[in-house]
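Going down the list, the sequences are from chains A and B.
All residue numbers for the first sequence refer to this note's numbering, where the first residue is 4 and numbers rise by one.
All residue numbers for the second sequence refer to this note's numbering, where the first residue is 3 and numbers rise by one.
By construction, these hints were calculated from the structure, which means they are not laboratory data.
Hints may be right or wrong, so weigh each one.
Here are some chain B residues the structure puts well away from chain A; computed CB gaps all over 12 angstroms [to be verified]: (1) Ile31; (2) Gly72; (3) Asp88; (4) Gln180; (5) Pro212; (6) Gln223; (7) Ser258; (8) Ser273.
The calculated label-pair distances, taken between Cβ atoms and stated as ranges, are [claimed, not checked]: (9) A:Gln279 x B:Tyr44: 55 to 63 angstroms; (10) A:Ser205 x B:Asp88: 47 to 55 angstroms; (11) A:Ala441 x B:Val54: 56 to 64 angstroms; (12) B:Ala85 x A:Met150: 55 to 63 angstroms; (13) A:Asp420 x B:Gly253: 28 to 36 angstroms; (14) A:Ser205 x B:Lys102: 32 to 40 angstroms; (15) A:Ser205 x B:Tyr44: 28 to 36 angstroms; (16) A:Trp235 x B:Cys133: 58 to 66 angstroms.
The beta carbon of each residue, even a glycine, is placed where N, CA and C say it ideally should be.
Chain residues, written in single-letter form:
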Amino acid sequence: MPVLIDTVNGDKRPKVPDPAPLYKGREPIYPKLVHGQFRTIKWVLLWITLAVYYILPWLRWDRGPATPNQAVLVDFTHARFYFFFIQLWPEEIYYFTGLLVTAALALFLVSALFGRLWCGYACPQTVWTDFYIVVERLFEGDRNARMRLDAAPTSFNKVWRKTGKHAVWLLVALVTGGAWVFYFDDAPTLMGQLFTGSAATSAYLSVAILTFTTYALAGSMREQVCTYMCPWPRIQGAMLDEHSLQVTYRADRGETRGPHKKGERWEGRGDCIDCQQCVVVCPMGIDIRDGAQMECINCGLCIDACDEIMDKVERPRGLIAYDTDYAVAARLAKRKPTYHLIRPRTVYYALALALVGGLMLYGLLTRSPVAIDVLRDRNPEYVQLSDGAVRNGYTLKLMNRSLHPTVFWVDFKGPKDAVVRAVGQTATTRTLAVPLAADGQRSLRVFVTVPQDHDEHDLHHSSPATFAITSQDGQTAEKKTVFLAAGDDR
Amino acid sequence: MADPKHDKPTPHKDEISGVDTTGHEWDGIRELDNPLPRWWLYVFYACIVFAVGYWVLMPAWPGLHGYTKGLLHQSDRGELSVALHDLSATRGAAGQALVKASLEQIEADPKLQAYALSAGASIFGDNCATCHGTGGTGGKGYPNLRDDVWLWGGDLNAIEHTLRVGIRSTHTDTRQSQMPSFGRDQLLTGAQVNDLTEYVTALSRRKADPAAVSRAAPLFQAQCAVCHGADGKGNQAVGAPNLTDQDWLYGGDPNSIHTQIWNGRAGVMPSWEKRFDTATIKALTVYVHANASGQ
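If we strip away everything but chain A, and leave its shape as in the complex, we get (with noise of 0.2 angstroms):
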């Protein structure tokens, strides 16, 4: 009888030898710790992004009674998104459109100006993978103490040290994710009900995530993250030309490298003693002597490793530095080096983010704080009535989104002689008056009636309309549409 289930250790038949596995594994990196100025840079940029990420939901902007006092909130609940002196409504989703799109052009002028800038030194992968080598350093020590410590046999040295740096790496994740959910409630409530297990389970869920993926992410995939998950190492290759600036290996003055002992010669050979400095402190694992490589996040911490050994072994510093593939090439051409920081694309990107930026301005400055909305029936598109008349059924949106109380006065543009009517209101005047509250928005259903005696053409054809609002303070808005009529052969 033919066996039907091999069982995985019962297999006992000869076993083909296996091709190359599908997934090479990740080789471990464990940057040594460097001073110096871009170290320096660094540790601010690490700190002052830490504390905006930590510290922005707590700050408080007085809207008055109506609003949340939250300076930034985004609430999903009252559908509103609150910047400090901004405030948006759904309908306004296009300042976001035009935030991501003067944010990408942004990344795209500094990036063919000055290389990686975003990925070395603000984006969060960065930031928090460098404060999770803070905490390993702590607990495990540096460089050579870590690789020692991760070829040691098991023993209780090497557990506690492990459990002590995962323990507080999910702490750092559980704040970090724990931060996140401020930004959608009001920070000291949530805070209060996230302590008190009664926070919404979505609140909870988005911790859960977040603390998963900053855990992950900074703790072990790390430098995977830049290579492997994000697109935009791919995407800069096309913002980068010969003449911007990034972390570059000056290969001019390096080559020819090899050792060097102290009292030997400089003459005939290049100033790169092959120290391998510049690798070890590298977080991404690369060497910057192969040149620009995708993996580099320009972080310039191999700058500050080559410049302590430049001065350890008296040549000058600046054997890596920021500098352009079109300056290394001249020099070694013998030719001067030029810097060129204007150029065809970095004109077009700065003159694009002007555009963008220039516009979502503009929009946010001449804002008007009431829009209206005009939704006409389509089933049906209109209502003969029994003396002949035809009505129309609209549905208004009227949004006040200043954040005070008013009232709209709702004007019908339209065929002479035409009806108003709004449901609930008696009146039959061709102005309504609708009363908002602050932040508030209201629907209203509203008839318009054209008689037959008046003006027979109106009835026999479509006529374009127009509703008006005014409100309290004077300020306009309005919005076309078009009354349908019976007989209108359409």
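Add chain B to chain A, keeping to what the hints say.
Coordinates of chain B only, in the frame set by chain A:
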């Protein structure tokens, strides 16, 4: 082909891959006997474990008198009734407000009105649109609820009453009226029905045979005026349509009018009192009333 006398496979090793085959051969085709992919196997085992757990926890096996209930006592029907209960609980506040307020108050108050209109729209779509159409404009035999013509009255109370008791329904207090089948039941002769058709056509100010109209005048007063009124303007108390306007439930051309006098068709609207709670009926009333621009 494998030897039919021997079901046993003959051991065979594939020359290229060095892997054993199943030992069977079909028209020169052999199948490699590779082990199953491990991920597949583990998923398979996991499914078995899951299935056993599922049998224990959830309703799974049919029996002679019912089925195994499972430790969790899960029941879709039970969950539905819980969900419905929860729904009426969450609706509670707004629903209570509708019950307490008068129909006029509901229509005048922006919040109650908005609630009633959106609730009414879905109730109408689920229950009324079948006959009256999704836009409420009705059709032949089904009244248009968007215009200003009402058989039984178009103010809030009349609409609510119609919704409660229905028309020619099984409700004891149903709105009730019946147009006789003058022709079919031989109450009138064919010529008389023809004359009356001309008369009704003339009532709505259209061209008709004057001789027939004058012949039918006493007939109309004798047979029709009881319900439709001496002037033919109808009577909402008995659901008699106005015959002088341009709105016809069963069509306004002479043929349709003739058919109606001959057969006396009448529609039925169910009573909704037992199917809907008060809040639902009120919401629906306001929805219908508001969308006909009120009367």
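12 angstroms cut-off, C-beta based - B:Ile31 kept clear of every residue in chain A: Non-interface label on B:Ile31 holds, nearest chain A Cβ at 17 angstroms vs cutoff 12 angstroms.
Status of the given 28 to 36 angstroms range, CB of B:Gly253 versus CB of A:Asp420: Hint holds: Cβ distance 31 angstroms, inside 28 to 36 angstroms.
28 to 36 angstroms as the expected CB spacing between B:Tyr44 and A:Ser205, which holds or is violated: holds (32 angstroms)
Pairwise beta carbon distance, A:Ser205 to B:Asp88, judged against the given window 47 to 55 angstroms: This hint is violated: roughly 19 angstroms between Cβ atoms.
No chain A beta carbon within 12 angstroms of B:Ser258's: holds (17 angstroms)
32 to 40 angstroms as the expected CB spacing between B:Lys102 and A:Ser205, which holds or is violated: holds (34 angstroms)
Verdict on B:Gln180 as a residue remote from chain A, using beta-carbon distances over 12 angstroms: holds (24 angstroms)
Whether the CB-CB distance between B:Ala85 and A:Met150 falls inside 55 to 63 angstroms: Holds: the Cβ-Cβ distance is about 59 angstroms, inside 55 to 63 angstroms.
Outcome of range test on Cβ distance (A:Trp235, B:Cys133; 58 to 66 angstroms): Given about 60 angstroms between the Cβ atoms, the range holds.
56 to 64 angstroms as the expected CB spacing between B:Val54 and A:Ala441, which holds or is violated: The hint (56 to 64 angstroms, Cβ to Cβ) holds, given that A:Ala441 and B:Val54 are roughly 60 angstroms apart.
Minimum Cβ distance from B:Gln223 to chain A greater than 12 angstroms, as the annotation requires: Per Cβ check, B:Gln223 is outside 12 angstroms of chain A; nearest 24 angstroms; holds.
Status of the stated non-contact between B:Ser273 and chain A (beta carbon gap over 12 angstroms): holds (26 angstroms)
Hints 9, 10 from the earlier list are contradicted by this structure; the remaining hints agree with it.
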